[in-house]
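Colleague: Protein chains in written order, with my numbering: chain R, 1 to 486; chain L, 1 to 101.
Worth double-checking, as some hints may not be accurate.
What the hints assert, rightly or not - Here chain L is said to cover these stretches of chain R; the calculated rule only asks that three of the stretch's residues, wherever they fall, bring their Cβ under 8 Å from a Cβ of chain L: (1) 97-108; (2) 153-164; (3) 286-299; (4) 316-330; (5) 339-348; (6) 381-388.
What the hints assert, rightly or not - Label pairs and their in silico Cβ distance ranges: (7) E269/R <-> S87/L: 30 to 38 Å; (8) H336/R <-> G86/L: 20 to 28 Å; (9) R280/R <-> P74/L: 41 to 49 Å; (10) P58/L <-> S297/R: 19 to 27 Å; (11) N80/L <-> H336/R: 21 to 29 Å; (12) P58/L <-> G394/R: 18 to 26 Å; (13) D248/R <-> D46/L: 39 to 47 Å; (14) A44/L <-> A409/R: 28 to 36 Å; (15) A68/L <-> F101/R: 12 to 20 Å.
Don't read these hints as lab results, they were simulated from the structure.
Cβ coordinates follow ideal geometry from the N, Cα and C atoms, glycine included.
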Amino acid sequence: MAKATVAALRAALDAGQQSARDLTEAALARAKSTQSSLRAFIRLREEGARADAAAADARREAGCVRSALDGIPVAIKDNIAMRDEVVTCASPILEGYVSPFSATVVEKLGAAGAVVIGSTNMDEFAMGSSTEHSAIGPSANPWNRKCTPGGSSGGSAAAVAAGIVPVALGSDTGGSIRQPASFCGVVGVKPTYGRVSRWGLVAFASSLDQIGVLTRTAADAAAALEVIAGHDERDSTSVPQPVPRYTDALTQDVSGLVVGLPEEYFVEEGVDPEVLASVREAVGELERAGARLRPVSLPHARYAVATYYLIATAEASSNLARYDGVRYGHRAAGAHGLSDLYRRTRSEGFGAEVKRRIVLGTYVLSAGYYDAYYRKAQQVRTLLRGDFERAFAGCDVLATPTTPEVAFALGEKTDDPLRMYLSDVYTVSANLAGVPAISVPCGLVRGMPVGLQLIGAPLDEATLLRTADAFERLAPQHVCEPPDPT
Amino acid sequence: MAHITRGEVEHVVALARLSLTPPEIDRMAREIDAILDYVETLRAVDTTGVSPTSHVIPLATPLREDRADDPIDPELAVANAPEHEGSAFVVPAVIEGEEEG
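Excised from the complex, chain R in its bound form (with noise of 0.2 Å):
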């Protein structure tokens, strides 16, 4: 089971050898096994994950199998409702909250047959990137249990990493899923701005917000984003372009590619230089199987994380008024009226860092701050998405380490708010402009999974998840598992 991809799955189920309920016992037992270590899940669905396996195996018996999905154990992000399920975005202001509808990526995961086992840890409305933000504790990483699995999709990460499920969505604000993808040695994609509906995403920073997948390879990423992907008239950010066959792109050809590499993230400065040669080797790998690699310049990143900070508090701070303890979630006792009653609900239902972002964001767009703060950091948006597109008129995908450095310690950044923000330092951009991205395993240093970031542009996921499936068969060592991951 822990070596279990979609494709060995779906063989698995094409041979008869095992049953779509055999696959999701298997999921919630390990699910269980490996919750005390791990904290993967917030809740497990076991009912309706065992009716959705019956009918997934009723369907293969009438020889209607609806896609390469049906039957497949999956997990989701709790920030994605589910009808008739509670979501609550690891926040005890939604602790109890039953979904009245389904997010569109569900409702595509479940006609194609996939089997939904639960919802997964993560950090409190998204804002972290280590799982310590959660109202249920942290998650930790497979590869070794004092460590984080990155966040703000931690559970999800390890989930996959640990060998319970073989996918599991995530949401992406500023690398929530490429950073924790890359602690877990796992692939994780955040595909461009409006390709996945966001319908039934709670939302955090709406400019920003993507949802995306995490898998153990780059096709199984290909299989479940051609499921989740595509226009949706319910989200008016949604992107009316027709989606690929992400699967028929996996062509493991390179030759010709012109990979990009942005100078500014090859400094050996505040970064590992381990993990910069790991991804120099991997981009060194590419070249030799035919891409040609190019220096290509992205001259305002240095101000991606002070410009995404702004953006999304300002856009978190808004987005969370909602909160009031009145239409839905925690409501405090013994208030005095509707604002005491607003103030109590929220002070006691939010995390710290919850208050910490809406504080900045409310104050970046207070009067006096807007221009010098939010309206700034929108120009510099507009610069580099400038930079971006320079980059990608000579380039098909752009190279860069995930993340820094490698898994930190659980405990580590939780007292500096600015060095954990720093973790996302590779990952902002792409949200900020808005264009795909990938993390794909490139190596270990110390014993800990270390990610290629690879950047394509607008639309493009197909050339990215051919690049990063390419690289896994020049380098399969990189697919690989947590020595210990029960």
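We have chain R; now place chain L onto it with these hints.
Modeller: Chain L in isolation, oriented as in the chain R frame:
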């Protein structure tokens, strides 16, 4: 306190409808000041004449056909409310003069 004063933090906390204890305010002021110190780097960027990006995808406001649809059942819509009566949310009385600006 180079960038933000304790008083400003208190004001913003009130605007955000939060309430923090005095030690929490002190800590928040320190942390936000450190973050604002970091974002000062943006001042070095010349943004004269640069239009702000509020959205990365150049989409016009998408329109759809105006048709009757099945809205969410009102009973379901209030099912998560801490308190409701029929299909209405119940809130405490909005008492006069209890709010600052």
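Colleague: Decide, hint by hint, whether the structure agrees.
Modeller: Going through the hints against the structure:
1. Judged by the Cβ-Cβ criterion of 8 Å, the stretch 97-108 of chain R is covered by chain L as claimed, because 4 of its residues qualify and three suffice.
2. With a cut-off of 8 Å between beta carbons, the stretch 153-164 of chain R has 0 residues touching chain L; three or more are needed, and the interface restraint is violated.
3. Check on the stretch 286-299 of chain R: 0 of its residues sit with their Cβ under 8 Å from a Cβ of chain L, so the three-residue criterion for coverage is violated.
4. For a cut-off of 8 Å, the count of residues in the stretch 316-330 of chain R with a CB near a CB of chain L stands at 9, and the three-residue condition holds.
5. Beta-carbon proximity to chain L at under 8 Å applies to 8 residues in the stretch 339-348 of chain R; the threshold of 3 is reached and the given coverage holds.
6. For a cut-off of 8 Å, the count of residues in the stretch 381-388 of chain R with a CB near a CB of chain L stands at 4, and the three-residue condition holds.
7. At about 59 Å, the beta-carbon gap between E269/R and S87/L misses the expected band of 30 to 38 Å.
8. For H336/R paired with G86/L, a C-beta distance near 25 Å keeps the hint of 20 to 28 Å intact.
9. At about 60 Å, the beta-carbon gap between R280/R and P74/L misses the expected band of 41 to 49 Å.
10. In this structure, P58/L and S297/R meet the distance hint of 19 to 27 Å, their C-beta atoms being roughly 24 Å apart.
11. Hint check: N80/L to H336/R, Cβ distance near 24 Å, so the stated range 21 to 29 Å holds.
12. Checked against the given bound of 18 to 26 Å, the beta carbons of P58/L and G394/R, roughly 22 Å apart, stay inside it.
13. Distance hint check for D248/R and D46/L: the Cβ-Cβ separation is about 45 Å, which falls inside the suggested range of 39 to 47 Å.
14. As the Cβ distance of A44/L to A409/R is approximately 34 Å, the hint placing it in 28 to 36 Å holds.
15. Range check, A68/L to F101/R: about 18 Å between beta-carbon atoms, so the 12 to 20 Å window is met.
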